[in-house]
Amino acid sequence: MIMRPPYQRNSSTPSQRTPSSWDLLERVSATALDEDYAKAAAQRDDDPRGRRRMPRTLGSLGLIGLGLLVTATALQTRSDEPAEAQERTALISQISERESEISRLASRTDELESDVEGLQGTNEQIGSRGEELLDTLNESQLLAGSVPVTGPGVRIVVDDESEGVSGSGGTILDVDLQVLVNGLWQAGSEAIAINGNRLGALSAIRTAGRAITVNYNSLTRPYVVTAIGNPDTLEASFADTPGGQAWFDLQTNYGIHFDMETVDDLTLPAVPDDRLDTQYATRQGQLP
Amino acid sequence: MIAILGLAIGLIGGLIIEPEVPDALRPYLPIAVVAALDASFGALRAYLDDIFDDKVFVVSFLSNVIIAALIVYLGDKLGVGNQLSTGVVVVLGIRIFSNVAAIRRHIFHA
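For the protein sequence lines, the chains are A and B, in the order given.
Heads up, our numbering is the position in the first sequence plus 25, with the first residue counted as 1.
Heads up, our numbering is the position in the second sequence plus 45, with the first residue counted as 1.
The shape of chain B in the complex, shown without the other chains:
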């Protein structure tokens, strides 16, 4: 319950304050979101597996976001930003899919 509340507060707060993202960070925002989604779905699965841990979630969330953004930043500097973004999105996408599949099995037992 408190989790859904947190998510709602984040979404509504974001809508209300409309955070200004610095131009330098803007290209890495979508990748950061995908990484954050990955961490969050992982957390939901852990919660359903009954092994959820606050600290692990926050650490994985932050490290996911930062590392994904860093990888893309490095790729940009090396001139392979697009390819690396694609790679990151593919890997995170696969993780999200398998986590969501596990969650689905938990909820529907199928």
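For reference, chain A alone in the conformation it holds in the complex:
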């Protein structure tokens, strides 16, 4: 019985054994010696003249070949070594190069990160500065009248004397409207328009021909003056101003119509663009 590995349990004779890699290895080691030696020996035994079983010329030639092969391979391997060593050195220098590059890039990254932080700080400063400027711009626009405004205030309707009431010919003059507007400013108005013509810094109230003009627009009676301001105090404050006094006189002495009412929601248009231009006045100093 042939000894076989324990896991080959389903076979009874060697010929029925399942082929496996184990068999292959077994066979390799079993036939390690070329069978030809045995055959040649058998032939020699049959041949009475039988050659000597000693290595002679041919065998020596084979061994010389072995020696040559071994030295050639050894020499080749040795001559390859410098190249490999060179390659290794080159790789090592490449590695150290890359490493230094990495550290350089890392420091650059740190630099850029701190830059980014600084710029973020600047950005925030600019942002808050921008908000400041926007606030200022908003305020300036409201004060200059370059944007329409809305808010509570008073509406005053004034008109010439009705036909023949006093006989004194009460007609509203540009100066009357100037006094009225002045009184309203004094009483705390923040935006004023006459017949929908917003008064800006360059607006003049004057007579041109037979009509009163504001912002070069001729007005027709009745004159409606709208003023945005504190609705609780505007009316009373106006009455206390010289303008209010003057208009009280106009009412009583010349029969001029004067009708004032408080309104919760007034909308005043913007000053026309041509009344917002400056040609000679330029800013002194920097922007805020």
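Treat the hints with care, since some could be wrong.
[What the hints assert, rightly or not] Below 20 Å or equal to it, Euclidean Cα-Cα: the simulated EDC-like pairs (lysine to aspartate or glutamate) are: (1) A:64 to B:95; (2) B:100 to A:71; (3) B:100 to A:70; (4) B:122 to B:68; (5) B:100 to A:61; (6) A:64 to B:94; (7) B:100 to A:298.
[Said to hold, decoys possible] Interface residues of chain A toward chain B, partial, derived using beta-carbon atoms under 10 Å: (8) 63; (9) 232; (10) 233.
Read the hints as simulated data drawn from the structure, not as lab findings.
Every value quoted in this text rests on a predicted model; they were computed, and no experiment measured them.
For each residue, glycine too, the CB sits at the ideal point set by N, CA and C.
Starting from the known structure of chain A, fit chain B onto it as the hints suggest.
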């Protein structure tokens, strides 16, 4: 004696003339050496078994070297050169080991 002399002549001759191996053959040289070693150890074992034969040795030597190199060459062409080299080395290594074991038994009777 003549065998050892041949081996010595081969080794020294190789050292002296430093044979230039063509670049095309260089990858197959190590495998060829392993095959040659296998044939030589087989021959030594046959000699100790008293069945050595000149012709068989030379034929097996040459065929071993050429076939091993050819197998690896073919493997290279097929893209499995490394795996085939490993396979050849394993098989030849096993043969060398078992032959050397047999030689050891002959010499030391153990």
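Consistency of the hints with the structure:
1. A:64 to B:95: 13 Å, holds
2. B:100 to A:71: 17 Å, holds
3. B:100 to A:70: This hinted pair holds, its Cα atoms lying about 16 Å apart.
4. B:122 to B:68: OK: residue 122 of chain B and residue 68 of chain B at ~16 Å, within 20 Å.
5. B:100 to A:61: Given pair residue 100 of chain B, residue 61 of chain A holds - Cα atoms ~10 Å apart, limit 20 Å.
6. A:64 to B:94: 13 Å, holds
7. B:100 to A:298: Status violated; Cα separation ~120 Å.
8. 63: 6 Å, holds
9. 232: 107 Å, violated
10. 233: At 103 Å from the nearest chain B Cβ, residue 233 of chain A fails the 10 Å test, so the hint is violated.
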